[in-house]
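**Student:** One-letter residues, chain by chain:
Protein chains: 2
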Amino acid sequence: MKNKKIVNNIIQVFKKIKKKNKLKGHTPLHEPIFFGSEVLNLKKCIQSTFVSTNGKFIIKFEKLLKNFTKAKYVVPVVNGTSALHLALISLNVSRNHEVLMASLNFVASANATRYLGAIPHFIDSEENTFGIDSLKLEEYLNKNSVVKNNMCINKKTKRIIKAIIITHIFGHPSKVDKIIKIAKKFKLKVIEDASEGLGSYFNGKHVGTFADIGTMSFNGNKIITTGGGGAILTNNINIAKAIKHLSSTAKLPHRWEYNYDMIGYNYRLPNLNAALGCAQFNSIHKFIKAKRKLYLSYEKYFKNFQEAYIKKEPSKCISNYWFQTLVLRKANINLRNVILRELNKIGLQARPVWTLNHKLKHFSKFPKMDLSQAEILEKKIINIPSSANLSLFK
Amino acid sequence: MKNKKIVNNIIQVFKKIKKKNKLKGHTPLHEPIFFGSEVLNLKKCIQSTFVSTNGKFIIKFEKLLKNFTKAKYVVPVVNGTSALHLALISLNVSRNHEVLMASLNFVASANATRYLGAIPHFIDSEENTFGIDSLKLEEYLNKNSVVKNNMCINKKTKRIIKAIIITHIFGHPSKVDKIIKIAKKFKLKVIEDASEGLGSYFNGKHVGTFADIGTMSFNGNKIITTGGGGAILTNNINIAKAIKHLSSTAKLPHRWEYNYDMIGYNYRLPNLNAALGCAQFNSIHKFIKAKRKLYLSYEKYFKNFQEAYIKKEPSKCISNYWFQTLVLRKANINLRNVILRELNKIGLQARPVWTLNHKLKHFSKFPKMDLSQAEILEKKIINIPSSANLSLFK
Numbered sequence: 062m063k064n065k066k067i068v069n070n071i072i073q074v075f076k077k078i079k080k081k082n083k084l085k086g087h088t089p090l091h092e093p094i095f096f097g098s099e100v101l102n103l104k105k106c107i108q109s110t111f112v113s114t115n116g117k118f119i120i121k122f123e124k125l126l127k128n129f130t131k132a133k134y135v136v137p138v139v140n141g142t143s144a145l146h147l148a149l150i151s152l153n154v155s156r157n158h159e160v161l162m163a164s165l166n167f168v169a170s171a172n173a174t175r176y177l178g179a180i181p182h183f184i185d186s187e188e189n190t191f192g193i194d195s196l197k198l199e200e201y202l203n204k205n206s207v208v209k210n211n212m213c214i215n216k217k218t219k220r221i222i223k224a225i226i227i228t229h230i231f232g233h234p235s236k237v238d239k240i241i242k243i244a245k246k247f248k249l250k251v252i253e254d255a256s257e258g259l260g261s262y263f264n265g266k267h268v269g270t271f272a273d274i275g276t277m278s279f280n281g282n283k284i285i286t287t288g289g290g291g292a293i294l295t296n297n298i299n300i301a302k303a304i305k306h307l308s309s310t311a312k313l314p315h316r317w318e319y320n321y322d323m324i325g326y327n328y329r330l331p332n333l334n335a336a337l338g339c340a341q342f343n344s345i346h347k348f349i350k351a352k353r354k355l356y357l358s359y360e361k362y363f364k365n366f367q368e369a370y371i372k373k374e375p376s377k378c379i380s381n382y383w384f385q386t387l388v389l390r391k392a393n394i395n396l397r398n399v400i401l402r403e404l405n406k407i408g409l410q411a412r413p414v415w416t417l418n419h420k421l422k423h424f425s426k427f428p429k430m431d432l433s434q435a436e437i438l439e440k441k442i443i444n445i446p447s448s449a450n451l452s453l454f455k
Numbered sequence: 062m063k064n065k066k067i068v069n070n071i072i073q074v075f076k077k078i079k080k081k082n083k084l085k086g087h088t089p090l091h092e093p094i095f096f097g098s099e100v101l102n103l104k105k106c107i108q109s110t111f112v113s114t115n116g117k118f119i120i121k122f123e124k125l126l127k128n129f130t131k132a133k134y135v136v137p138v139v140n141g142t143s144a145l146h147l148a149l150i151s152l153n154v155s156r157n158h159e160v161l162m163a164s165l166n167f168v169a170s171a172n173a174t175r176y177l178g179a180i181p182h183f184i185d186s187e188e189n190t191f192g193i194d195s196l197k198l199e200e201y202l203n204k205n206s207v208v209k210n211n212m213c214i215n216k217k218t219k220r221i222i223k224a225i226i227i228t229h230i231f232g233h234p235s236k237v238d239k240i241i242k243i244a245k246k247f248k249l250k251v252i253e254d255a256s257e258g259l260g261s262y263f264n265g266k267h268v269g270t271f272a273d274i275g276t277m278s279f280n281g282n283k284i285i286t287t288g289g290g291g292a293i294l295t296n297n298i299n300i301a302k303a304i305k306h307l308s309s310t311a312k313l314p315h316r317w318e319y320n321y322d323m324i325g326y327n328y329r330l331p332n333l334n335a336a337l338g339c340a341q342f343n344s345i346h347k348f349i350k351a352k353r354k355l356y357l358s359y360e361k362y363f364k365n366f367q368e369a370y371i372k373k374e375p376s377k378c379i380s381n382y383w384f385q386t387l388v389l390r391k392a393n394i395n396l397r398n399v400i401l402r403e404l405n406k407i408g409l410q411a412r413p414v415w416t417l418n419h420k421l422k423h424f425s426k427f428p429k430m431d432l433s434q435a436e437i438l439e440k441k442i443i444n445i446p447s448s449a450n451l452s453l454f455k
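As they're listed, the protein sequences go chains A and B. Each residue of the first sequence is one higher than the one before, counting from 62 in my numbering. Each residue of the second sequence is one higher than the one before, counting from 62 in my numbering.
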């Protein structure tokens with residue numbers, strides 16, 4: 062009976078939100094907004110006849126991303142997965158290397174690692190940032206690895222732990238400072254997956270620009286979209302050049318000869334998709350403002366709740382609040398599925414976090430630390446409608 | 062002196078073509094044409110808000126491709142390379158398997174093979190089709206391989222030869238009937254790379270529909286373009302289902318849960334790019350007609366030439382004439398580079414064929430048969446301006 066009351070209270074709040082905002086029918090978790098020069102840019106792109114791997118919009122999109130994030134170099138690619146794939150290749154991650162990553166994560170990191178025959182090695186997360194628990198990570202590496210010849214060796218598997226992927230979950234910055242410090246101590250390369258973090262800052266600096274390489278996504282559900290798209294950020298010119306080449310067919314420049322000097326991955330973002338991205342960029346400040354405002358609205362509704370709270374950006378951070386999250390208190394984690402069902406029933410799309418990666422059958426044999434916090438977080442997180450237009454248009 | 066005269070004669074013909082057709086400035090090898098509903102479709106796509114991995118244009122593009130090629134199943138993807146990659150995965154090609162392919166080929170086949178840690182094994186080509194020499198292939202396999210337990214074993218390397226990729230070069234159909242017969246005899250899976258062959262037919266049947274799997278490309282330089290794009294064709298429902306799943310993030314269908322049952326490749330064609338492709342499809346018959354007409358124009362100019370000829374579609378075939386080719390007679394192969402230079406100098410973009418794959422440093426250690434015909438062909442082939450608008454608009 063107590064449980065039923067808690068669920069009812071939560072659903073009542075959402076019904077109130079629905080009513081007040083006149084939300085009819087199905088409200089999706091996230092939808093893109095096009096109210097700028099999207100169609101005009103696409104028309105210009107068609108008129109230029111450059112719709113494919115070359116064109117002015119690609120160059121412009123690169124510049125816009127550079128200016129916005131302050132990354133020195135940007136390489137646009139077809140999506141966030143391909144960005145992670147090239148990032149791993151350019152850091153020389155290869156067969157049987159281990160790559161540390163949170164188990165509470167989108168599958169792209171583990172997938173891209175497996176493309177190379179490398180091994181995902183799962184680590185625990187913290188409630189504060191939804192990202193990697195830096196304290197637990199350091200303790201774990203102290204105990205389970207040893208640095209030899211500038212390489213971190215997993216004592217148990219004897220494999221090289223080559224890199225760590227830091228994902229900024231739902232746009233909330235992870236503790237990049239602490240994690241990168243640990244990575245340096247253990248000679249790990251660092252990739253920062255900022256796919257969900259365009260417009261998020263840690264200590265005033267844009268996420269994705271702290272590590273050796275940052276990655277981005279502009280999928281349809283992201284803050285800005287190129288249809289399909291992604292990018293690599295780096296401040297290292299050699300990495301930038303290498304990734305630019307890898308993202309092409311690795312053709313050597315010549316007026317007519319077709320010569321290639323390595324395996325290329327053909328991951329370049331088409332000019333057509335960049336044209337859409339350039340138009341979306343015009344609205345980015347509005348989108349972020351709207352999403353931050355949406356957080357405040359949700360927060361107001363739930364501030365006196367004992368049973369759950371709305372996720373707030375970590376301290377010293379600015380979050381783009383890509384996804385809004387209702388976090389259940391530990392006592393109520395058994396209610397997640399009922400709440401999910403009820404929210405979806407009243408037309409508000411709600412979703413749990415991704416199934417923890419180490420629980421997926423095809424990743425279950427890979428190394429992992431104690432993941433007790435991630436296990437609890439998985440049961441606490443409910444993502445709720447997060448589109449910028451929910452606050453923009455009311 | 063004789064050589065100089067030959068080059069002069071050839072260049073004079075092209076100057077005449079230029080003049081008669083009032084070609085000013087730079088005439089590219091191939092450019093896309095947009096005179097249909099391209100902009101309208103893109104506008105509709107934006108208005109629908111579905112620009113990414115879902116949308117009506119993806120479904121429509123699939124249907125258009127099915128109707129046009131008569132393939133039973135079609136899976137649209139981000140480009141031709143990704144189509145080859147998924148094709149190889151779905152046929153269980155993996156580490157240390159060998160994959161037969163022509164050395165005279167675009168690098169995508171060899172690259173996609175290497176993504177999997179498999180080994181390209183290069184075979185020779187014939188002048189008649191520019192594709193695999195079937196007679197030489199059979200003789201080579203008879204001598205160098207043995208079939209054991211339904212597997213073809215390379216006698217020398219002891220590795221399994223798992224598959225063969227048949228590429229329809231420049232849109233000219235290869236001898237699919239003979240090659241597939243040989244493949245069956247030697248228990249090889251067959252991929253037909255029809256990236257350049259939309260609108261080409263062997264014995265009245267569309268290329269890409271003879272083998273286990275066909276692949277397509279809709280890059281900016283192809284007969285129709287989606288900006289970046291490709292597709293997989295198959296008549297096998299199990300292969301179609303597997304590839305569809307592999308092309309996604311391999312998420313299992315559920316209203317809110319994020320569960321995945323294998324490694325996905327995130328290669329889906331965005332709806333935005335499909336919208337462009339649907340519009341382009343409206344003009345495909347015009348494009349092919351124009352390109353076939355362009356062949357006849359070139360052919361008329363060169364029909365009395367002893368030193369070179371314009372490539373004609375193989376017998377029993379209809380070619381889309383994607384790329385037009387001036388083929389030098391054997392006595393004149395030393396003139397290729399001079400002609401290339403002169404043509405580019407007068408503003409007609411001309412290119413040689415791709416550097417033979419076995420000559421690329423990173424592929425040079427892989428197995429190959431005698432490639433003498435490909436070596437000669439490489440020196441004979443000059444691709445000349447091939448855009449549909451060269452015949453459409455005059």
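In short, the hints are calculated from the structure, not lab data. There's no promise every hint is true.
Since the list can't tell identical chains apart, any single copy or any two copies may satisfy a pair.
With a cut-off of at most 30 Å between alpha-carbon atoms, the simulated BS3-like pairs for lysine-lysine come out as follows [said to hold, decoys possible]: (1) Lys104 <-> Lys124; (2) Lys121 <-> Lys105; (3) Lys104 <-> Lys121; (4) Lys216 <-> Lys377; (5) Lys133 <-> Lys250.
If you're wondering where the values come from, they're calculated on a predicted model, not measured in any experiment.
**Student:** Honestly, which of those hints from before does the structure not fit?
**Tutor:** Of the numbered hints, just 4 does not hold.
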